[in-house]
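Enquirer: Going down the list, the protein sequences come from chains A and B.
Counting from 1, position 60 in the first sequence corresponds to residue 60 in my numbering; the numbering is continuous, with no gaps.
Counting from 1, position 233 in the second sequence corresponds to residue 233 in my numbering; the numbering is continuous, with no gaps.
No wet-lab data here; the hints were simulated from the structure.
Computed from a predicted structure; not experimentally measured.
Every residue gets a Cβ at the ideal spot worked out from N, C-alpha and C, and that includes glycine.
Among the hints, erroneous ones may be present.
[What the hints assert, rightly or not] Here are some, though not all, of the chain A residues that point toward chain B, as calculated from beta-carbon distances under 8 Å: (1) N26; (2) P44; (3) E49; (4) R50; (5) S76; (6) R77; (7) P79; (8) E83; (9) V85; (10) Q86.
[Claimed, not checked] Pair ranges (Cβ atoms, derived): (11) D22/B x D7/A: 42 to 48 Å; (12) H26/B x E31/A: 29 to 35 Å; (13) T98/B x Q86/A: 17 to 23 Å; (14) E54/B x R59/A: 31 to 37 Å.
[Claimed, not checked] Covered, in the sense of this in silico footprint (three residues per stretch, anywhere, with C-beta under 8 Å from a C-beta of chain A), are these stretches of chain B: (15) 11–19; (16) 228–239.
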Amino acid sequence: MQTHPPDDPYLVAHIRERLATDPRANVLDIEVEAQGRQLILRGPVASPERRAAITGLVRELAPDYETVDRMTLVGSREPRHAEDVQ
Amino acid sequence: MIRLAAVGDLHAGLDSAERLRDQFDHLDDQADLLMLAGDLTQCGEPGEARILAEALARHSLPRIAVLGNHDHHGGQPDKVRQTVEAAGVRVLEGESVTLQLDGLRVGVAGVKGFGGGFWGRCGTDFGEPEMKAFVRHTQAIAQRLEAALRGLEADVRIVLLHYAPIPETLEGEPPEIFPFLGSYLLAEAIDRVGAELVLHGHAHRGAESGSTPGGIPVRNVAQPVIKRAYNLYRFDSERLLAGSASLA
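In isolation and in its complexed conformation, chain A is listed as follows (with noise of 0.2 Å):
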């Protein structure tokens, strides 16, 4: 697997690409942010094995980073209201 040395200007392109392609995370819309030697990762995950798959592939695609999980559970409790459509 290719791992990324420090101050790789496409490290956070190539961290965006396999977390979108490898199916242990097939994921799209979670941003990560540089920040010196941390990587920030923000956005919403489904689960909690979903967000633990998430931070395990950043951490072994970037080894010489600090991983720093910012990731919102998703909510799911049920409505209190509707919304009236005429």
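Knowing the structure of chain A, use the given hints to seat chain B on it.
Expert: Positioned in the frame of chain A, the structure of chain B alone reads:
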């Protein structure tokens, strides 16, 4: 009164059985009809579709869906569709269906849709074959949607999409990717015929509400947007049957 539950982007994975079961636990008490706005699965594998099918098979209300881009990723959209349909879910791809609910004819026209962008900032049928193919694909989809809508004889018409027909419900997404999230051609097809409600998914960071240039309400029901198990929409059967349907 007709109660419609709608959500998109469930992204069922092999580990999603318990999540999906809990998500729809009280659905039959709350709604008369369920609509799923695409991305039923995470990567379009039949095994994922089976997980969703098993969760939905527990419910008796009519269930209608369209596929999304994720449902095509595994190269087996027909198998995803068949698996979900085996659980009693009607999947629409440029087709329509009419249901009788509370004395009302509820017509649904559905199609996945595709990209291309919006007025003034969109792809055109010009240049390389690949570019023309991209644009012509959405043109063909919009034509099928228009034909499906025209074929409906219903008291209320609902359009179910995965891709967005307007940019308003994409606000929050980076504008650079709007062309990959939907196309104005879908809205144009809908406005030419008319409908009472348009539902779509796909844009996880988008906004919930908007309307077509013709004034038809559009709702982005992608689960990351609505942050709920599903949204509920109510149609007043008496008012619609009396022929006084108007936009609230």
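Enquirer: Take the hints in turn and mark each one as holding or not.
Expert: Hint check results:
no., hint, result
1, N26, "4 Å, holds"
2, P44, "4 Å, holds"
3, E49, "5 Å, holds"
4, R50, "7 Å, holds"
5, S76, "5 Å, holds"
6, R77, "6 Å, holds"
7, P79, "5 Å, holds"
8, E83, "5 Å, holds"
9, V85, "5 Å, holds"
10, Q86, "4 Å, holds"
11, D22/B x D7/A: 42 to 48 Å, "44 Å, holds"
12, H26/B x E31/A: 29 to 35 Å, "33 Å, holds"
13, T98/B x Q86/A: 17 to 23 Å, "20 Å, holds"
14, E54/B x R59/A: 31 to 37 Å, "33 Å, holds"
15, 11–19, "holds (count 5)"
16, 228–239, "holds (count 10)"
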